[in-house]
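**Q** Taken in order, these protein sequences are the chains called Z and A.
Just add 82 to wherever you are in the first sequence, counting from 1, and you've got the numbering used here.
Just add 326 to wherever you are in the second sequence, counting from 1, and you've got the numbering used here.
Just so you know, not all the hints are guaranteed correct.
[What the hints assert, rightly or not] Facing chain A, from chain Z, some residues (calculated, C-beta under 8 Å):
id : residue
1  : A99
2  : R100
3  : R103
4  : G108
5  : S166
6  : S169
7  : G170
8  : G171
9  : A172
10 : S184
11 : F190
12 : S193
13 : L321
[What the hints assert, rightly or not] Cut-off 25 Å, straight-line C-alpha distance, at most; resulting in silico cross-link-like pairs (PhoX-like, lysine-lysine):
id : chain 1 : residue 1 : chain 2 : residue 2
14 : A       : K330      : Z       : K356
15 : A       : K330      : Z       : K117
16 : Z       : K155      : Z       : K89
17 : A       : K330      : Z       : K375
18 : Z       : K89       : A       : K410
Quick caveat, the hints were computed from the structure, so don't treat them as lab data.
We treat Cβ as the ideally placed atom computed from N, Cα and C, and that holds for glycine.
Each chain is listed here by its residues.
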Amino acid sequence: MSSVSEKVIAGDVRTVARLIRDIDDGMPNVREVLKELYPATGNAYVIGITGAPGVGKSTLVDQMISHLREDNKTVGVLAVDPTSPFSGGAILGDRIRMQRHSMDEGVFIRSMATRGHFGGLTLSTRSAIDVLDAMGKDYIIVETVGVGQDEVDVVKSAHTTVIVVIPGMGDDIQAIKAGILEIGDIFLINKADREGADKTLSDLRLMTDMDQKKHEGDKWTPPILKAQAVFDTGVAEFLEEIEKHRKYLLDITEGLQFRKDKHRVQEELRDMMKNRLIEEVLDGLTETGEFEKAVDSIVEGKLDPYTACDNIVLPALATNTR
Amino acid sequence: MVNKRRIRVMVAKPGLDGHDRGARIIARAYRDAGFEVVYSGLHQTPEEIVEASIQEDVDMIGLSSLAGAHNYLFPRTVELLREKGADDIIVCGGGIIPDEDIPVLKEKGIKEIFTPGTTLDNIVKWVKENVKPR
Ligand SMILES: Nc1nc2c(ncn2[C@@H]2O[C@H](COP(=O)(O)OP(=O)(O)OP(=O)(O)O)[C@@H](O)[C@H]2O)c(=O)[nH]1
Ligand SMILES: [Mg+2]
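Given these sequences and hints, build the entire structure.
**A** Pasting the structure below:
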């Protein structure tokens, strides 16, 4: 085993931090490390938290950390914020709410930017989860802003997916895409100190009830809870629901490790293959300038995109399968 | 897309004064320059800043101070990084810092000091020239 892997498993913070950087930056050398780490993963429980900007996700995560630490559980946090499409830079501000845990050795907090990679966010976040898992964290909490498909996919691969809303979102609740409602294992109405929490609750209940078809034969009905994260109200109850969901999952997988769930494995492997193919083929083409040339030809009206695609993909596949 | 190193910067505001306008402005300028900026908020101790910077694997820490405690806070941050074997992380400072303090701070390992007279463009330029993403 490489010394990097050994240090990760031993919980060395600097090595873990550096490795996540390499994953994020798409360094090919991380693959070998991740292979070595894989057998040491599968022990952490992964919670995904998503919701509109400013609903209180980081504040909630901060309180969750405190509760889990009281139970002597170690916690890893991945807080994902959007990359600016204009500059490629990002301001990652979720840590502000979690400051008080920075000196706690049982807590590792990492901010990540969505970057540009299409579909790659899910993959790099999953790899980062694996690293924190191998490092020995009992719980891993992933926070994303529930706007883009990528961000939603990230939390979808958690064991328990939590959708956070706030009162008074009114029509916004209706606007929550059906896709988002579907992935919620638990709904949390935060800022319940504000007016309209009960209305939001009944609106949400109506919508999830209508969505029940999906849960037919399912023993899990997504609970809708109220909380006031800043005041630590309702957070303990929320964690109890997460625990119930964990037990439910353990039941249906008959005690198997969650990640060996066939459906999950299918999805992960497919994503990984897709990404690897894109990496190998598309990035090569970008480097040689072939992609840009094809774009120019289409823009200048010399070529149709279907032919351009054939011209690029077919030879690339031929060389890659040699 | 692959092999794309990005500069990561921690913007931190140690000390007790309650203003972080300057820190926010600089954070935005860094973002607009294409850096990933971890902003960790007000009232951080050097210990907290260093721990967070290691977890975040940043290339540089930008400290901002208005209250005059920079002569302790800035060198202490450098010292802690050294203790943790993380002194490859560059430390810079900004804020209201008297000219006579600057050579002393540099002596103690603060790589550069930006005073209120330094333009954002020049700060960004300095970072691009002096901080290489690992
Ligand atoms: N009134 C009230 N305010 C809250 C509550 N929970 C969080 N807040 C406040 O809501 C604001 C946003 O909180 P964050 O935790 O940063 O929200 P977030 O969803 O992580 O925000 P982004 O990461 O920017 O999308 C802060 O000012 C919190 O103090 C609550 O229960 N009630
Ligand atoms: Mg947040």
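**Q** Hint by hint, where does the structure go against what was stated? Just the numbers, ascending.
**A** 13
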